[in-house]
Amino acid sequence: QVQLVESGGGVVQPGGSLRLTCVASGRFVGGIPAMGWYRQAPGKQRELVAMITTGGVPRYADFVQGRFTISGDNAKATVLLQMNSLKPDDTAVYYCYADSPTGYWGQGTQVTVSS
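Counting along the sequence shown from 1, when you hit position 72 you're at 72 in the working numbering, and nothing is skipped either side.
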């Protein structure tokens, strides 16, 4: 059974930075899939933030606007999200996602951007 565990959320002032980490444990059938991050703010639908393929090709949501960087380590089954220039609109629960045929989600980590 695959489990995704996120860490690194917290409270930060506008303009600040946070780094989210997701570590996958267990075995993916077919090997490590593309992994990434989604977020869900109160009253809103879950939305894609960023994904990265096993070949290291990233994809970002338009709202990222160069502020976030996703990176992955296939050997460690880890994906990182470096978030800079955070805005209050970035406040949400951030979920790690593994894009395997089954699809796996982490439990989420809260990010709050507030002065």
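By construction, these hints were calculated from the structure, which means they are not laboratory data. From a predicted model like this one, the values you see are computed outputs, not experimental measurements. Don't take each hint at face value.
Stated by the list, open to error - For lysine to any residue, the following SDA-like pairs were computed, each having C-alpha atoms within a straight-line distance of at most 20 Å:
#: 1; residue 1: 76; residue 2: 44
#: 2; residue 1: 87; residue 2: 9
#: 3; residue 1: 44; residue 2: 54
#: 4; residue 1: 76; residue 2: 5
#: 5; residue 1: 76; residue 2: 26
#: 6; residue 1: 76; residue 2: 7
#: 7; residue 1: 44; residue 2: 113
#: 8; residue 1: 76; residue 2: 110
#: 9; residue 1: 76; residue 2: 113
#: 10; residue 1: 87; residue 2: 66
#: 11; residue 1: 76; residue 2: 31
#: 12; residue 1: 87; residue 2: 54
#: 13; residue 1: 44; residue 2: 107
#: 14; residue 1: 87; residue 2: 47
#: 15; residue 1: 44; residue 2: 87
#: 16; residue 1: 44; residue 2: 102
#: 17; residue 1: 44; residue 2: 69
#: 18; residue 1: 76; residue 2: 58
Unchecked claim - So the derived label-pair ranges between C-beta atoms look like this:
#: 19; residue 1: 66; residue 2: 26; range: 14 to 24 Å
#: 20; residue 1: 105; residue 2: 43; range: 27 to 37 Å
#: 21; residue 1: 46; residue 2: 1; range: 35 to 45 Å
#: 22; residue 1: 29; residue 2: 55; range: 25 to 35 Å
#: 23; residue 1: 7; residue 2: 65; range: 36 to 46 Å
#: 24; residue 1: 15; residue 2: 41; range: 16 to 26 Å
#: 25; residue 1: 47; residue 2: 7; range: 34 to 44 Å
#: 26; residue 1: 101; residue 2: 15; range: 16 to 26 Å
#: 27; residue 1: 103; residue 2: 69; range: 21 to 31 Å
#: 28; residue 1: 29; residue 2: 67; range: 18 to 28 Å
#: 29; residue 1: 13; residue 2: 101; range: 39 to 49 Å
#: 30; residue 1: 2; residue 2: 115; range: 37 to 47 Å
#: 31; residue 1: 114; residue 2: 75; range: 30 to 40 Å
We put the beta carbon where it would ideally sit given N, CA and C, even for glycine.
Worksheet item: Taking each numbered hint in turn, which are not upheld by the structure, reported in ascending numerical order?
Response: 1, 3, 8, 9, 12, 16, 17, 19, 20, 21, 22, 23, 25, 26, 28
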